[in-house]
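Asker: Now for the letters of each chain:
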Amino acid sequence: MNFPILSSLILLPTIGALFLFFTKDKEGNNSTAKYVSLFTTSVNFLISIYLWVSFDQSTSNFQFIEDRTWIEGFINYKVGVDGISILFIILTTFITPLCIISVNNSVKKRLRDFLIAILILESFMIGVFCALDLVVFYLFFEAGLIPMFLIIGIWGGPRRVYSAFKFFLYTLLGSVLMLVAIISIYWISGTTDVIKLYELGIDAKYQNLLWLAFFSSFAVKTPMWPVHTWLPDAHVEAPTAGSVLLAAILLKMAGYGFIRFSLGLFPVASEVFTPLIYALSVIAIIVTSLIALMQEDMKKLIAYSSVSHMGFVTLGVFTIQQQGIEGSIIQMISHGLVSAALFLCVGVVYDRMNSRLISSYGGIVTIIPKYSILFMIFTLAALGLPGTSGFVGEFLILMGVFKDNFLVAVLASIGVILGAAYMLWLYKRVVFGKLINSDLKSMTDLNRSEYFILTCLAIPTLYFGFYPDPLINTIEVSVNDLIDMYNKNLLIK
Amino acid sequence: MENFNLILPEIFIALSIMFLLVLGVFKKESSKLVFNISQLILLITTVITINETFAIDRVTLFKDSVVIDHMSSLMKIITLLGAFLVLTISTNYLKTFKLFKIEYPVLILSSVLGMMVMISSNDLIVFYMGLELQSLALYVLATFNRDQLQSSEAGLKYFVLSALSSGLLLYGCSLIYGFSGSTNFDIISNQLNSDEYVLTFGIVFILVGLAFKISAVPFHMWAPDVYQGSPTSVTLFFTMVPKIAALTVFIRFLYVPFLNLIDQWQMIIVFLSIASMLFGAIAAIGQTNIKRLIAYSSIGHIGYTLAGLATGTNEGIQSSIVYISIYIIMNLALFSCLLMLKRNNKYYENIEDLSGLSKNHPLLSLSLLAILFSLAGIPPLAGFFAKFYIFKAVIEQSMFFLAVVGLLSTVVAAFYYLRIIKIIYFDEEKEKYDEDHSIWLKFSLTFSTILILLYFIFPSQLIDVVSRINII
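Read top to bottom, the protein sequences are chains D and S.
Numbering-wise, my numbering puts 175 at position 175 of the first sequence, and it's gapless, one number per residue.
Numbering-wise, my numbering puts 163 at position 163 of the second sequence, and it's gapless, one number per residue.
No lab work stands behind these hints, which were simulated from the structure alone.
Bear in mind that the values here come from a model prediction, so they are computed numbers and not experimental data.
Take the hints with a grain of salt, since some may be wrong.
[What the hints assert, rightly or not] Below, a list of computed lysine to aspartate or glutamate pairs in the EDC-like style, where the Cα atoms sit at most 20 Å apart: (1) S:K359 x S:E429; (2) D:K488 x D:E199; (3) D:K109 x S:D427; (4) D:K205 x S:E396; (5) D:K428 x D:D297; (6) D:K108 x S:D427; (7) D:K370 x D:D439; (8) D:K428 x D:D445; (9) D:K109 x S:E429; (10) D:K108 x S:E428; (11) D:K166 x S:D427; (12) D:K108 x S:E429; (13) D:K109 x S:E428.
Sequences are here, hints too, so could you generate the full structure?
Answerer: The following block contains the structure:
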């Protein structure tokens, strides 16, 4: 038995949280808590890098598998990674320490509790991407609601209670149907082990209903139009670190779920429902882009842009072609980096001026130049400029869609233009223009920790923009075999 | 000669009750002693039960009117331990209200005796006798705080409605006797002819009586008032212990004599279950008193338990028993928290009183957080697994409608649990509560919270014990 590296990835943050729980800092001083949590998450990041290095890219088989009996004769605790999930794990372990550095500036009260919530959330998020058993997946998927609910509710803005409830109940409502579907799969196939289910396939006559049940959960989480309304509320009210985790990782759980479960387990139904996904995605891309154009709150604008970007992801996944799916995965990784950075950028000016309204800014380029440059990089990445990671994903997705459906591709391309419009307009109104609000003159440029975080996010954004090969090499074989298996299982009757 | 060893627990408790009464009469100021002795008696009885009956597969005694099997011994053990914990954690509460009297433990013991008889009954008469014994004790317990109007009202209401339901139940028994010529479950099951439609009436009457005892919708009206009016320690007892015995009888009644008539009663149980789940979830939203809210939430939880029973399989029964066991642990934890809300000799029981609790009492709030999320059925806490087993059993019988309605009502129920969490964590703080709780109260809270939090590590153990139960 090898060293259980995935379980230690999952457990380590929880152990850190337990440790934090029992440490006592003096009144008003939380340095121990910060260092402990930073240390834990950094170690976790190093472990996940080691995981990536020792990962065998030439096979699509699941690696680092751990398989233990959990509920006798029923569920096994089974975790493992393939090329698709490993990237999400690294994204999680990369973003979390950055979040912890960022709380220095934004979280004012009960910092220790906040860090505990973030660490526990990290455990659950990693668990989601490792799980190879449907019940284990569901467990982690749902459990993440608890810390996120508290993060929004305790540390959020003025309408935090409403947003926290909306977030929790929407997601729970979607997920309970998935639970019914998971138990039904056990009833139909006698196992909830994902690898076995991939081999067996699921009886075609049940697939449509099961697909819809999973869809209800993932659609809320993605979020797809028209069930996206919880997202802007949650983002606006959540503290910066909460928004970052929500946008960068929690939304990706659903995209990952679509690839791993909807495509992998229900190919027949996926074929049936692809037009539905196409329609909803195109509406999401265009409608939410238009909504984003009209926003006056910066966080809300970025939240709506997330919905639109995730629309590209779902579009790419259901092209069921090599480029489309690879594009979706890269788009998710890129969106994870870029949206995290954009929320942090909003957080930076919010911490200084206590306002997120676009109209209260303008002309800050001369006052805080470093900030303006980094903000520009991420703005351009968000609109998909060549040379940034955003371009690679969108380009691959559109390529996949063009092969499949010309009309949808054209409509989605309109979304790209709209995306450029609202992002550039946002940037223009905030950074350029006349300096009207004289309070802005007192703003200080990025401090060391902010500078460090944003640079950390900018480097991979640009690097993968120019040279996406490391990402593509990791996912290529897995995606290829997923499509083969999809086509094979499509014949099951 | 019958094997008296097997009913030694009942005999022991009965003799102890008489001894305690005598002791109370002759010795002045004996309430502390009686309390301690009765706790000891409950523990000893638990040990006897484990020793004498736990390994036994199935034995019937007294012309088949009493049955000892895995289910009866397990349920007796849960009952006894539940009663023991109720006694230990409520002493401070009773002292505050000057209710620390010898009658209290004696009444609890007699109701426990009644429940044990119910649990082992294999005959309508024996079952009815046990039921009345426990009910009589419970009426008195509900009114135990005589000086308080609400408590008397609760007891009276409980008595009147309960007597009515007992009447219905007895009428059902007589109908069944009329058709089968016997009161014994085994004989009834052999004599039955499913063409007799009037027999269905008998079953329905008995089900009404039983549904009343476990407060399933639409026979739940008494529960909120009684739960709110009774002293908190008695409410704790009401929510935990009598449900076990009533559930056991429910199972035995449906699955021993009337399994062949499953087509007749399945719809009724499904209806009771759906109605309880939905009603419990919706009615709890508007409550302001925690005890009243717990009453509605217990109605909802009974709905889930009944969903397991509706399946008509051994697995369904097992999942119901797992559910009720986990529910009891969650309830114990919740009431331990409630008993800690004390300031200047006054107990607080409104939801508003929890406002901002997390700032002054971080540990207590954390336990409440775990308990409430567990009650709402959010993984990875114990409450999720309880629901999971139930829905697994339900879906395996292809009862998708029941499963979907049940899971959707968990979302509604999640709303009111979240509301309490919101008040604890998001609202402004109030004055501090006392922190000098008895060691037993702290122990029961810690113990049950840890069970709730860490249940996911060893989920198989409870299943292993329960999976020996084999009724069909």
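Asker: With reference to the structure, classify each hint as holding or not holding.
Answerer: Hint by hint, here is what the structure shows:
1. S:K359 x S:E429: 7 Å, holds
2. D:K488 x D:E199: Measuring from Cα to Cα gives roughly 10 Å; hence the hint holds.
3. D:K109 x S:D427: Answer holds: D:K109 to S:D427 is near 14 Å, not above 20 Å.
4. D:K205 x S:E396: Since the Cα atoms of D:K205 and S:E396 sit roughly 17 Å apart, the hinted pair holds (cutoff 20 Å).
5. D:K428 x D:D297: The given pair, whose Cα atoms are some 14 Å apart, holds under the 20 Å limit.
6. D:K108 x S:D427: 17 Å, holds
7. D:K370 x D:D439: At roughly 19 Å apart (the allowed maximum being 20 Å), D:D439 and D:K370 satisfy the hint.
8. D:K428 x D:D445: Measuring from Cα to Cα gives roughly 18 Å; hence the hint holds.
9. D:K109 x S:E429: Answer holds: D:K109 to S:E429 is near 14 Å, not above 20 Å.
10. D:K108 x S:E428: Given that 20 Å is the threshold and the Cα spacing comes to 16 Å, the pair holds.
11. D:K166 x S:D427: Judged against 20 Å, a Cα distance of about 18 Å means the pair holds.
12. D:K108 x S:E429: Status holds; Cα separation ~17 Å.
13. D:K109 x S:E428: 14 Å, holds
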